[in-house]
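Spelled out from the first residue to the last, the chains are:
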Amino acid sequence: MHHDYSTRELMIVAAAREIRDGEVVFVGMRLPMAAYGVARQTHAPNAVGLYECGLARHEPAQGMIHTMGDPPNQIGAVWATGTVAVMGLLQAGRVDAGFIGGAEIDRFGNINTSYIGGWTKPRVKLPGSGGAADIAAMSRRLLAIMSHEKHRLVPRVSYVTSAGYLDGGESRHRAGLTWGGPAAVITDRCVLRPHGPENELHLASLHPGQDFAEVAAHTGWELKAMPGMAGTPPPTEAEMAALRRVDPDGYWR
Amino acid sequence: MHHDYSTRELMIVAAAREIRDGEVVFVGMRLPMAAYGVARQTHAPNAVGLYECGLARHEPAQGMIHTMGDPPNQIGAVWATGTVAVMGLLQAGRVDAGFIGGAEIDRFGNINTSYIGGWTKPRVKLPGSGGAADIAAMSRRLLAIMSHEKHRLVPRVSYVTSAGYLDGGESRHRAGLTWGGPAAVITDRCVLRPHGPENELHLASLHPGQDFAEVAAHTGWELKAMPGMAGTPPPTEAEMAALRRVDPDGYWR
Amino acid sequence: MKDKRLSLEQAVADLIRDGDSIVMGACLESDIPFAATHEIIRQGKRELEVVAPISDASTDMLIGAGCVGAVTGAWVGNVSAGLGHNYRRIMEGAARGRLRVNDHSNFSLGMALTAGAYGIPYMPLRSLLGSDILRSNPAFRVERNPFVRDQDDPVVLVPPLRPDVAVFCVQRADPGGGCHHWGSEGVMREAGLAAERVILLAEEIVAPEVIASDPNRVPFPPFRVAAVVEATAACHPSPMTGVWRRDTAFFNAYHDRSRTPEGFQEWLEEWVLGVNGHAGYRARLDERIDSLRIRGKALAAPTNYAAE
Amino acid sequence: MKDKRLSLEQAVADLIRDGDSIVMGACLESDIPFAATHEIIRQGKRELEVVAPISDASTDMLIGAGCVGAVTGAWVGNVSAGLGHNYRRIMEGAARGRLRVNDHSNFSLGMALTAGAYGIPYMPLRSLLGSDILRSNPAFRVERNPFVRDQDDPVVLVPPLRPDVAVFCVQRADPGGGCHHWGSEGVMREAGLAAERVILLAEEIVAPEVIASDPNRVPFPPFRVAAVVEATAACHPSPMTGVWRRDTAFFNAYHDRSRTPEGFQEWLEEWVLGVNGHAGYRARLDERIDSLRIRGKALAAPTNYAAE
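Protein chains in written order, with the numbering used here: chain W, 1 to 253; chain L, 254 to 506; chain Z, 507 to 814; chain C, 815 to 1122.
Don't read these hints as lab results, they were simulated from the structure. Model, not experiment: these values are computed from the prediction. Treat each hint with caution, since some may be false.
[Claimed, not checked] Now the stretches of chain C that chain Z is said to cover, found in silico as 3 or more residues with beta-carbon under 8 Å:
{"#": "1", "stretch": "931 to 940"}
{"#": "2", "stretch": "956 to 965"}
{"#": "3", "stretch": "1027 to 1038"}
{"#": "4", "stretch": "1109 to 1119"}
[What the hints assert, rightly or not] Partial list, derived from the structure: chain Z residues whose beta carbon lies under 7 Å from chain W:
{"#": "5", "residue": "E535"}
{"#": "6", "residue": "M597"}
{"#": "7", "residue": "A600"}
{"#": "8", "residue": "F613"}
{"#": "9", "residue": "G616"}
{"#": "10", "residue": "Q657"}
{"#": "11", "residue": "G689"}
Glycine is no exception: its CB is placed at the ideal position from the N, C-alpha and C atoms.
Generate the whole structure from the sequences, applying the supplied hints.
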């Protein structure tokens, strides 16, 4: 166990653990890029990373990159192609896990990155879907990374950019999305997972130093704990060493 | 005027004359390849050739090639891509003229390269469409090259591989093909063109040495002459010189 | 071969008209033709429909300068810095009616351009089911899959997009419109085939033989290209594979300074309106541009096209 | 990285099953994996569904050898010589019921594979309207375009194809399934992404670094590749850009000799059944193979992927 880590680093490590060896992963920007790098260098040496600009990589990029189109993410790619080809693999069901972030998420894992306060007269205009709506719809498992604040974890998002379990239960399937849905939501306080027939997000593991009541108080719906809820294991020495290689300058500290 | 030419060479030259300068041409195999080369070197120096294997060329291939995928057709191409991209240009209406051949054609320019004698128990199984059905459907002008025999120029083909004017008149348009259709059928005896409200193929020009009665006798429907019917001009010196460069060994003699 | 070379000023003046739909780079984060973004602003084009498959901060700049009437796109912001302040200002204020937003995802936009490129009447998708994008953008339809008889199998139908203009940065081009592009392609091929007029901003002009030496590296055929502009560092501050690093500090500075309308105007004056074309912009960047140039060599393995 | 190298015999034995749908090369006339065609015949595979976007004479050989139960394709014959005699014999005779033909055009087949590759539920086309292909192949549907309200606008709907196996010849591959292919691509990319199992017949095995030096030349990602077979001249008699000329005389001789069932059997004995694998075939070609090898150099222009 490693003792010197930041919350963001814990989030990266928790995200890395969601990637299984040999999986094809749709890697987003920012934290998930680092998570992919940690996973590849620890428990998932055969994972494959896809990037929606049109890249596939085995080894993560060398050094810090700010966008997936940066030259260090191009050199050494194992496939350079177009957006339709990589996102087509997603729609064909060939992508095991996909990462997205979000400004707002609700108890059924629906995510809003478009309009806060309705689309006709938005209070806040967010950038929009990018590829998030596609990654949420078509990945076999969706992994979301969020900042845990009460106004972000809401009972119902005002606009569903990226479909989670929609109205809960079988409603995602009924809408025509026959696979996928959020498998984990990694926040700065905990990991949430869908549970029960309604697929409502439950507390699955608390990060070190967090307690249930405090996390629940920062959640916009009545948060329930999953059976077998545990603590998020702190980063191991191996995980931190891998993260140091991916992020030598401590950008994610 | 050049006096020493074969019928096939005359057909190539007649086909070349159908290509206008600056046009994008879907070049088929065999004779049209030579026709494209003659056109580029005479009156159409800015024509562009497309090949369904996934190539675009300006200059024709150097020397004789037997298929469009042969190395001499690859080197010097201005675009190497896939079939969907080049045939997609066709469907998008970006191709001015397309060449095909055929085993059977009827008076409305429908072409059969699939089944002689019905598809359930064919008397002759031909290779099939290849790209012909697409070229016939989606080129702005279709140019067909045929051997002129009575059993090939029939009142009605037994199987429409490649749509001409279907039942004549507006029927092609009604079927959903809002542009295109045969503009010329170049045979070893003459050039046929659609004429009149029915878009029936009429005799437009007789090759040197042919007479109307003989050509009509070799045609499976009651052949009519177009107003202004003329003789096919023999190859010019410039056309023959261009053909000699495209076909130095006299393969098409 | 027709010589299609034009100056940047002339290409923008002749080929981009008020009200046009226009793709400003299609590689998402790399190869964004900011030099053309700036020239469009200088020429005061109006009511453009920006077809925006993430063109980093280009769309936000055009909106702030008053050039845009509609955005048909998946994302408008500043990739490494966050939100687009000009976009927010107009959409969150009383003037929001002046900007029409046609929401897409990256995939639906790519598929709409694919349909436009290949003459496909509409493109059926499974992605976007359940998303409110289908409600805020009425251009999409949801229909039953006619191949599935015994159950309701909804599919999203995406109408084609055929932009009037597409502008791309490429590593090299010949005067006739042949070009090479490498690195991730985004929706560049589809946009280049779908658009009526393609403008290339070429880092380098080369002989046609150089392009013909490697026809597989050509994204779309030369006959689809309307103009070739020689413009070094036209993508700055975005990166170009093998040529330019990304100038992230420049994006961040734009983000900070565009936080207020006055700050944006000052930025615009400094980097766009007050410079003498793209050459003036490069001169203002001064030594900064040298520090962004990739100087290493990592060459692609030799590839032989010989026929004999 | 998993080492995916297998012998040709093992790849065909392990990855191609009786009844599979299979793409045998997808570049129309070049890069047809005849070495795999022959190995399939030697191993006596049965009831294959050949998905055939013109695979030159490969399909006719497989039909003649009794391996094929169905052809889903646009064209079966011998490109430079004409008709396919084995195909004709079965289709014009009493045994025609043993071979199911699902007619396509090149474009509809490419679009069906595109749909399979990208998870598109079905692909709408305008091509094929008016063609009897829509009658002889009941897999197509014609429906009204739901975006056009005021008139009847028919479109053809093509169902997706997801073949079990696709076999491709490539100029070079690494042991993990990365590969480079250049020259015209036919429907190779779509078929490689749509197929469940991809088998590469590589002219040359190279280090992964060689493939990663030029990721734009990779048609589909290594994780889609099941096996890599080192097999020089696996495409003979078809050509391979930069490597092999076409052996047209060989195609013509096949055409002449396969005119009768007995002649075909003799040809099969001489070139397939009676040779010791692909090495035996190459040995039988002897000096002929040397005369087909392209010896010139016409290298692609240098391309730099450096990041610094």
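Here's how the hints hold up against the structure:
1. Chain Z is given as covering the stretch 931 to 940 of chain C, and this holds because 8 residues of the stretch bring a CB closer than 8 Å to a CB of that chain, at least three being needed.
2. Counting residues of the stretch 956 to 965 of chain C whose CB lies closer than 8 Å to any CB of chain Z gives 4, which reaches the minimum of 3, so the coverage claim holds.
3. With 4 residues having a Cβ less than 8 Å from any Cβ of chain Z, the stretch 1027 to 1038 of chain C passes the three-residue criterion, so the hint holds.
4. Coverage of the stretch 1109 to 1119 of chain C by chain Z holds in this model, with 11 residues showing a Cβ closer than 8 Å to a Cβ of that chain against a need of three.
5. Hint status for Z/E535: holds, given a least beta-carbon distance of 3 Å to chain W, under 7 Å.
6. Annotation: interface hint on Z/M597 holds; nearest CB of chain W at approximately 4 Å, less than 7 Å.
7. Taking 7 Å as the C-beta cut-off, the interface hint given for Z/A600 is violated, the closest approach to chain W being about 10 Å.
8. Hint status for Z/F613: holds, given a least beta-carbon distance of 4 Å to chain W, under 7 Å.
9. The interface hint given for Z/G616 is met, as the beta carbon of that residue sits about 4 Å from the closest beta carbon of chain W, less than 7 Å.
10. At its closest, the beta carbon of Z/Q657 sits 10 Å from a beta carbon of chain W; the interface hint therefore is violated under the 7 Å criterion.
11. Restraint check, Z/G689 versus chain W: the minimum CB separation of about 5 Å is within 7 Å; hint holds.
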